[in-house]
Amino acid sequence: MKTVVLVKQVPDSGAERRLRDADHTIERESADNLINEMDDYAIEEALRLQEAHGGEVTILTMGPTQAAESIRKALSMGPDQAVHVLDDALAGSCAVATSAVLAAALRTLSPDLVLSGAESTDGRVQAMPHMVAERLGIAALTGARKLTVGGDGTLTVERQTDEGYEVVTAATPAVVSVWDTINEPRYPSFKGIMAAKKKPVSVLSLADLGIDPGEVGTAGATSAVVSHQERPARSAGQKIIDQGDGGVKLVEFLASEKFV
Amino acid sequence: MFADLNDDQRALRGLAREVLEGACPAPAVRRSWQDGGELDRARWAQLAGSDLLGVTVPERFGGLSLGSVEWTVLLEEAGRVVLPEPLLEVAGLAPALILAQAGDDLRDRWLPALASGKAFVAVQLRPGDLVAHLDSAQAVLVVRDDALRVLEPADLTATRVPTVDRSRRLFRLDADLTAVAPRPVPRDRLRRVAALAALGTAAMLVGVSAALLDRTVRHVSQRRQFGRAVGSFQAIQHALANCHVLVEMCRPTVWQAGYLLDHNVDAGLAAAGVAKAYASAAASHVNDVALQCHGGIGFAWEHDLHLWLKRGKSLERAYGSADDHRRQVVTRLFPDE
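Top line first, the protein sequences correspond to chains A and B. Mapping to my numbering: the first sequence position 132 is 132, numbers consecutive. So the mapping is simple: my numbering equals the position in the second sequence, first residue as 1, plus 260.
Chain B with its partners taken away, still in its complex shape (with noise of 0.2 Å):
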């Protein structure tokens, strides 16, 4: 069972969010809605030179050796700052399916490089799913039927798809994967892989959940209408608290959730589906109140508000809808039916 973070864990949260807030701030966000959200090679150096992008690869390969809880908290962060960069693929997808698998020259080549910042490596999990930043990767991990193939760029056709969160640079990918080697994964191990991105996810929706509250509490209690802030107003302030103990129930879930994909994976399976499941529910409140309390000025383009709210609402079905998991819980707690 976990309870709490630790002081490291603490510490990798209190680093994360000084350099994601230093790299990343909202006018880095905007710029990327309009230069179609390419990737910020600086800004992704300066996560590697903070260590942020080897959290879970192993310490011989120049990474940190931690493990899924200090990966979902890296992701809060990175979701509270709406990171443009897939910073779930790259620094966590990438690295599971890579230490899924067995081959040693695999891991000796992107590992390293992958904690480092030097490579960037796309994924995508199943047939049809959208790949982020596919025009910079230098290698795509596709997974189909049990098995794992590394395509090089000259292997695919990548054709950008419109997003409504233009910060998310998103591809089709079009590629004959029978021209490239299988490499075998056992299927249980492709699970987890599957349950850390639905993790993960849910893990950057609290982050912009969490920055949500904290914009819109701020902006209520700015905003003074019939000659008082909107904030001193009960009806806004239980609809902000109850946004409140949403984010604070979603957190430990998903800080359960991966404490279990480390320890017990089976029981890990059920709870990351349960922690996306209640993330993304609790996300689409908190995404309408937030709009809400903001009045016009929150559809407006030229408040920031909208930055995040498009997140949210991208993330919310991204690796699995709330009905999604809710389903394979469902299936879980009745296999006979």
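Chain A with its partners taken away, still in its complex shape (with noise of 0.2 Å):
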């Protein structure tokens, strides 16, 4: 089977982050960035489908040239290759052309499978996975806490929903977007990432995929954040003394935000 695991940079969400007054977007250059959380279980859950199932696995990412430090750690961990689509008019690009680009670079691989992770800590829209299978024509099963490949290749998937889980199933090719509770990632190994170093990455720009500049970036984007304010420093919280009345005051605190 052949599976590509989109893998996205983002900066660390536990740092603290900035965002640019000229164009409200991210201060990536300041900021630590790594692997968006939720693709490192799309990787393990690549590896491990290819350890009981075989084929290759292919990382696909777009962004920045820093992106390729990301591109290095993923392949750490055991994928085959990578693809890293790198064109400066990129910046800036809202999720429907993204979604645009990362269609057309799959469209060069024909992947069996496409993982990757239900959302990320950065954009939290959720949608690339839904976009990206209505682009390719295939099936999208999203936010799975299990998947498994039967004989004939059908993709079924545990799809977490806040009540329980739904089964569904498709034929591959398919786009399979997945929670952290689908398993564990393992950590890169020493060997590793010395065999990272020499597995091959290659890069496409847009020019390679067909992509008109104007389609995509800030120039093409269909949505444009107009202004952003730094989050309000967190106020002092509402002090109970308890008098013997401690137990209903809070119960009415709790009522009054409808917790009870």
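Among the clues, some could well be false.
What the hints assert, rightly or not - In silico SDA-like cross-links for lysine to any residue, where the CA-CA straight-line distance does not exceed 25 Å:
| hint | chain 1 | residue 1 | chain 2 | residue 2 |
| --- | --- | --- | --- | --- |
| 1 | A | Lys-146 | A | Ala-171 |
| 2 | A | Lys-199 | B | Lys-573 |
| 3 | A | Lys-146 | B | Gly-309 |
| 4 | A | Lys-239 | B | Arg-483 |
| 5 | B | Lys-570 | B | Gly-327 |
| 6 | B | Lys-378 | B | Gly-327 |
| 7 | A | Lys-146 | A | Glu-56 |
| 8 | B | Lys-573 | B | Trp-561 |
| 9 | A | Lys-191 | B | Gly-309 |
| 10 | A | Lys-239 | B | Phe-486 |
| 11 | A | Lys-191 | B | Gln-306 |
| 12 | B | Lys-378 | A | Lys-197 |
| 13 | A | Lys-198 | B | Arg-270 |
| 14 | A | Lys-197 | A | Asp-12 |
| 15 | A | Lys-2 | A | Trp-179 |
| 16 | A | Lys-198 | B | Ser-325 |
| 17 | A | Lys-191 | B | Arg-369 |
If you're looking for bench data, these hints aren't it; they were derived computationally from the structure.
Join the two chains, each given in its own frame, into one complex according to the hints.
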């Protein structure tokens, strides 16, 4: 089975992040950039499928030059190769344009299975897997907490919902997005890090994909951030002094916030 | 002369930090204080899966064939998270002892198993030394009189001893060594292993000190008194800056000794002693300053600081105190006195 994992480099969500005043985009230079957390689970799932069923695993990333670091990191976990879509014109691309670029790159790879994280920790749109599947005209099995591949290549997914889970199936090729409940990603190994240095990473430009630069980037974006402001400082909480009625006051507070 | 880490050594440090921080966060160390520091097999398997147990094991036995510098880089990270497991002994001294003796049978049996984490081997370099995790060991490598003896669990009695740092699980070893066949080891190879023990401990101390300093800087940046962060006072800043200088000076001293032990053993023996003397003295100072800067909370059992303080105090004297190593340096400088 030929699997492609969509991997996005994001600023560390655990660190302080800043937006640029000029164009409201995130300051990537000052941020600590790493692999989107949910994508680690997608890579792990791809590797487990490869261990069980054979085939090859390719990492596909669209991003600036520094995304190459995350690509090597992803390769150190075990995938065979990577494709990096790199073009200055891509800066500021919206989700719709990004999906067009990823779909075009995926067409050149013709995978049986496209795996991705269910969301990125920066954009949190959760729409990329659907958009890519729609553009490729294949099924989207999203929000998986479990993925199994049948003997005939049928994909069965337990799709996590607020109430429980749904079981959905599709024939390959298909897009599957995963939550962090699906597995426990492995740590890289030192041998894996050394091997990753030698693994092929092909770089594709918009011209290679036959995409007009005017359709992507800030210029071609279908959505725009018009303003931003810093999160207000945390205000002091409400203190309840227990004078025998502390329990009642607590319940009143919970009730006012509709927790009880 | 060793100048700085290369890209591969930095990659190893990054990997070790990622794996150890994930596998051994402070709550896990605290748990090991409560359960008596029992061997965490899942954590050990994670270290093995990332190739961190076979750093100095030759490639033909499944290891990485890396040198003592890389080994100290790994141990600094282990010290930084106060890893309860005896990485120094199992992943460093045990392979070094097995490689120092001539028998292929021991190499074939233990080296692949040590690198893959399938075997756990304890080490006793000197009579009376306490042995870490003796209860989990499938074999104990005992050094006496220029020879190595491999004891099986049935050959020995293990008695747990109380430790200040409860995440260090130490035992007294009692065994009839005459019942086990000795395997001769050249004296200079044994001296090198003893130097590795001191050096590895120095590396862990650097990690403990660096972590204490990080934690203290974070604490004084947040803790407010007299209307401002206590870290804004010069008295605190200078004390911590001095600690930083000490830690930064220790690290290359450790690397240099590691380099020399692989390239010029005689010089390496002295350099390892210098590294341990320096790291012990620095750790002692950083330990005091970290506790002082934390104020009363630093004494509290509930605060994590003491996990680092007590590991630092135990390692200061492990495999030779600063004074022991200074005395050895004096003997080297004045052999006829």
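These are the hints, each one checked on the structure:
no.: 1; hint: A:Lys-146 to A:Ala-171; result: 16 Å, holds
no.: 2; hint: A:Lys-199 to B:Lys-573; result: 45 Å, violated
no.: 3; hint: A:Lys-146 to B:Gly-309; result: 24 Å, holds
no.: 4; hint: A:Lys-239 to B:Arg-483; result: 21 Å, holds
no.: 5; hint: B:Lys-570 to B:Gly-327; result: 29 Å, violated
no.: 6; hint: B:Lys-378 to B:Gly-327; result: 22 Å, holds
no.: 7; hint: A:Lys-146 to A:Glu-56; result: 20 Å, holds
no.: 8; hint: B:Lys-573 to B:Trp-561; result: 16 Å, holds
no.: 9; hint: A:Lys-191 to B:Gly-309; result: 10 Å, holds
no.: 10; hint: A:Lys-239 to B:Phe-486; result: 24 Å, holds
no.: 11; hint: A:Lys-191 to B:Gln-306; result: 14 Å, holds
no.: 12; hint: B:Lys-378 to A:Lys-197; result: 28 Å, violated
no.: 13; hint: A:Lys-198 to B:Arg-270; result: 18 Å, holds
no.: 14; hint: A:Lys-197 to A:Asp-12; result: 23 Å, holds
no.: 15; hint: A:Lys-2 to A:Trp-179; result: 21 Å, holds
no.: 16; hint: A:Lys-198 to B:Ser-325; result: 19 Å, holds
no.: 17; hint: A:Lys-191 to B:Arg-369; result: 22 Å, holds
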